[in-house]
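Undergrad: If you want the building blocks of each chain, they are given just below.
There are 4 protein chains.
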Amino acid sequence: MNKYSVAVLGATGYTGLELVRILRDHPGLVMRFATSEAEAGQPVRGTSLRYVKAADVPLAEVDIVFACLPHGESGAYSTAAHEAGVKVVDLSSDLRAGQAGAEYGIPELWRECVRGKTLVANPGCYPTGILLGLAPLIRAGLVAGGKPVMIDAASGVTGAGRTAKREYLFGEIAEDYRAYAAGNAHRHVPEIGAGLGRIAGGEAPEFVFTPHLLPVRRGILETMYVPLVAGTSVGAAVEATRSMYTGEPYIEVMGETLPSLRDVVNTNRVAIGHAPVAGVKDPLLLCVVALDNLVKGAAGQAVQNANLMLGFEETAGIGR
Amino acid sequence: MNKYSVAVLGATGYTGLELVRILRDHPGLVMRFATSEAEAGQPVRGTSLRYVKAADVPLAEVDIVFACLPHGESGAYSTAAHEAGVKVVDLSSDLRAGQAGAEYGIPELWRECVRGKTLVANPGCYPTGILLGLAPLIRAGLVAGGKPVMIDAASGVTGAGRTAKREYLFGEIAEDYRAYAAGNAHRHVPEIGAGLGRIAGGEAPEFVFTPHLLPVRRGILETMYVPLVAGTSVGAAVEATRSMYTGEPYIEVMGETLPSLRDVVNTNRVAIGHAPVAGVKDPLLLCVVALDNLVKGAAGQAVQNANLMLGFEETAGIGR
Amino acid sequence: MNKYSVAVLGATGYTGLELVRILRDHPGLVMRFATSEAEAGQPVRGTSLRYVKAADVPLAEVDIVFACLPHGESGAYSTAAHEAGVKVVDLSSDLRAGQAGAEYGIPELWRECVRGKTLVANPGCYPTGILLGLAPLIRAGLVAGGKPVMIDAASGVTGAGRTAKREYLFGEIAEDYRAYAAGNAHRHVPEIGAGLGRIAGGEAPEFVFTPHLLPVRRGILETMYVPLVAGTSVGAAVEATRSMYTGEPYIEVMGETLPSLRDVVNTNRVAIGHAPVAGVKDPLLLCVVALDNLVKGAAGQAVQNANLMLGFEETAGIGR
Amino acid sequence: MNKYSVAVLGATGYTGLELVRILRDHPGLVMRFATSEAEAGQPVRGTSLRYVKAADVPLAEVDIVFACLPHGESGAYSTAAHEAGVKVVDLSSDLRAGQAGAEYGIPELWRECVRGKTLVANPGCYPTGILLGLAPLIRAGLVAGGKPVMIDAASGVTGAGRTAKREYLFGEIAEDYRAYAAGNAHRHVPEIGAGLGRIAGGEAPEFVFTPHLLPVRRGILETMYVPLVAGTSVGAAVEATRSMYTGEPYIEVMGETLPSLRDVVNTNRVAIGHAPVAGVKDPLLLCVVALDNLVKGAAGQAVQNANLMLGFEETAGIGR
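Chains as they are written, first to last, in my numbering: chain A, 545 to 864; chain B, 545 to 864; chain C, 545 to 864; chain D, 545 to 864.
Here chain A stands alone, though its shape is the one from the complex (with noise of 0.2 Å):
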């Protein structure tokens, strides 16, 4: 198997640190830098590596780089790097709008855009959840229009990162839990918006997005509240997701069962279950997507793109 050296930017964030612990199984990745602003020189646990500065990774020496700088800095990187004939998965969120031309990965919903290609933009958290959840029932022409999907979901800890803040302390997320960027607000509401939009094939359906913080490390459960069409039931819907997801890796679709963060938590595998409302006069549905965002929501979908920018097995060095 062809081996390609890769460079993880931004190796001790937590997006960052799940990358390099996936890349130590990889049967044809092999890290050869990783850096870190602030811990430049000091060794990379589990590895014979030590952490050098972004600006010191001798891009002529890599193949494809993995980029989880901070918003804002990571683009830049990203697509100067890819400019110097690097391959570049970024993981930050400012090339998901299709700047520089990078394509947006989410493999189970656009494979074949993703495959051979040499810059893409990795996909966040919140919105990998969503649009996997919505595009089985979206493509089958379930979701009503008119009405906005309300979609309720909380998050793990780690999706803020690991930058020193009050409000992340454990002293203030241990036994709380709180919306935040509520009422549409929240930084990924665009990239939920788009991707709808290029699911539905013209204009989204509306949605509402509130994201709350839970106290707990990884994990997201997204509830969504889906108006219907008039005369679809809880097994249409169940029935176009799986029929969707057939043969695919890491989509469990669970049915009438609701998944929940233990299902999905340190796996690559997003969860979706269904469940009918009881009660109300219009058609709604409830689909309640599970994964765990430094995995599929981040470091493991990465991995799933490069594989195919690279011609590997979309699996390879993933697990289940």
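Among these hints, one or two may not hold up.
[Stated by the list, open to error] Lysine to any residue pairs mimicking SDA-like chemistry, simulated, CA-CA at most 20 Å apart:
| # | chain 1 | residue 1 | chain 2 | residue 2 |
| --- | --- | --- | --- | --- |
| 1 | C | Lys709 | A | Glu711 |
| 2 | B | Lys825 | B | Ser777 |
| 3 | C | Lys825 | D | Glu747 |
| 4 | D | Lys631 | D | Lys661 |
| 5 | C | Lys631 | C | Gln643 |
| 6 | D | Lys709 | B | Ala582 |
| 7 | B | Lys709 | A | Arg806 |
| 8 | A | Lys825 | A | Ala780 |
Note that these hints are calculated values from the structure, not bench results.
Given the coordinates of chain A, work out where chains B, C and D should sit on it, guided by the hints.
TA: Structure of chains B, C and D alone, referenced to chain A:
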């Protein structure tokens, strides 16, 4: 001040333990009996009492009973005790539909109905928050008809009681999060509907209630998506809420700041916040409510009701 | 009752927040000033005050200061305030060795030394539990010389303060547990040694102190392995402890039951239990102590000391 | 590679679940049967099997059994299966004293005794860490006689099993911490003593074992206070440890850095760190050991033993 003799039925459950804690500081209520079928004969921590079996409480020596027995048993006991001439606050769901003439006790909504009564059904934890959050909006005529209010709720695990069940083991709950009894299947749904109908003075607005289980011990957060009548601003919703609850010791109207569990845990307070929703055609309001399921959602409100029944100051013994 | 004007210095740290909470219920202490360098001008939750900077507190209007500034700053401020004629409880470690004439305030051990004093150094959280646990055994002559007492301690994270540091992020602390400052390297070691020496009336017994960081917000548990003089039974240790603490409102002697955090969190209590050790040649006792690091380990004991300084009942405002 | 048919007895406990997870990736072990008395007939998540009752496993179709039945039941089943010609790893404590000729399986200590055996008793989680931490020190003659080693241990709750008991409910464990079975009363004490004696080749050093219950799901940390022979430095202890474990895939000798749960959870690794102790007359060493109670403390080590029994590479299927 008059002193009344109290019996706490089911004193080793989480609600019972909280009642015992609150009663220790009450100036007019003296706990004389605390029951436990399993721990009968054992000392009651922090008191000089020993647990007795429920059947062994001499009702003739009791002025008021707090019944925290399991749903299904509690109502029968309460009804019998009430017929024997004892005042009763029943904390189960058995009498909340008005069985045996029980009054439904949310003081901030129906204070005068509770005052001086002798049999009160203490509300459920989820309904308490929902009704207190929506009442000002419904009474002010701000809620648009014909569309459901989505109620996405999350509760700490003590809400599920203290009976040993595998699904509530630490090993199952920690690091997890999941929906349960979704799609209006939760046993609080009829209670919510009846309460909303009473507030509306007729037909209740449609609603969808989805509870989730949080990996915390205490606290409920309810994120409600409220369709507004055209032309209604968030400011109007805040104003209606603030105006209705002026002077209420246990309601904290936070305006456009959203509450978190931290704001209310270990207190009898309900905190209410509002947020606008951008990017949707029909006006929509986020109304987020937080309370402690064991205090305002159970034992604290029970004492608040008892205070009204017995003529004490409403806040006696409860603290802030 | 006399009313005294209080300033809380450093009111937005965890200790400061706890003081503000306790003072709200105090019958004779009125918080007039609460300081925060970062939040100056912002409202103090649950009060009508706004934070001011420490330098802007008009000491002439203050009767007593609780100084919770960072170690290194607090002592200088406290000394200056005391010289300006204000009574001071300093909660940092700066004055605990008696600097500036400060009295070391553990009421249950040295109550009469604190009564009426004007400058008191409030003890550290770990030393408070250790000294209260070992004092009865040392005073009764039960501790064998020549062998160290092993003190294995575990604390909730709020003990590390509220400053934003990566190592105290939720993502770092949750699901983790580790020793730190092991091998008598913790800054509380001299304070423990001095306290033990004072109790022993001479040379302190040797000890080894190993703190650990628990993934909980509050609470300290200290498991101490105490070498006993030959012929000493556990019963004698329990009896010495019970006898010394008879009538103490905040000491719970549990006998041969071992305490847990749950027994003390959110209270000013110290719970002490003992257990025999089988299978060792030289007699050994387990002495386990639990307390809330923010209450008896900080803010609660500070108010207890203030009550003694000002002539209030020692329990005023503190609750059980 | 040879393929062997596996039965997992007691597959719905925490240890059984972990075994099922590990076996899914094993190149030579194929799980053919998974038992559960309560869930017989239900599907085994992530496989095409259904649970059967233990009595219904056709032993003639099985090459190797992993028995994770409750203590007391497991040994009898294992002995019978072994007599029927099946290879067995018993994960209970029933056979750890060598009953029925079972070999006690810690590969890093007694690898050659396990290799090719047909009946192996898998060690307890606490003893595994203690024996691996102390063995290098004992073998190198660094441990002083006549004084006990104090072993202060803390374990995540999954160590207590998955049976529904009130004391292990989330509402009881969260935010709490406590010692249990203190003073050498824990059922692992004889196993620890026997293991230490075998390492010492004679009389075991005295020890005191105090387990505590951590509010985490997984992981054990053992803080050991080891009396050293005069003139022994910490460096010598580190060196003895490093030297003994050179090349061991699952032992991480951290030198004078102390391990935390984070270093080992979800892996088969044991991390060992040392620290000097200042301020005591007789030389003392801190030896801190961390491992995952469900992996190296149970299922991971069981597969390691099975690999030795069957002639696979020792790390097959276990990962790092």
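Undergrad: Now look at each hint and say whether the structure bears it out.
TA: A quick look at each hint next to the structure:
{"no.": "1", "hint": "C:Lys709 <-> A:Glu711", "result": "holds (11 Å)"}
{"no.": "2", "hint": "B:Lys825 <-> B:Ser777", "result": "holds (14 Å)"}
{"no.": "3", "hint": "C:Lys825 <-> D:Glu747", "result": "holds (14 Å)"}
{"no.": "4", "hint": "D:Lys631 <-> D:Lys661", "result": "holds (8 Å)"}
{"no.": "5", "hint": "C:Lys631 <-> C:Gln643", "result": "holds (15 Å)"}
{"no.": "6", "hint": "D:Lys709 <-> B:Ala582", "result": "holds (14 Å)"}
{"no.": "7", "hint": "B:Lys709 <-> A:Arg806", "result": "holds (18 Å)"}
{"no.": "8", "hint": "A:Lys825 <-> A:Ala780", "result": "holds (19 Å)"}
Hint violations for this structure: none, all hints satisfied.
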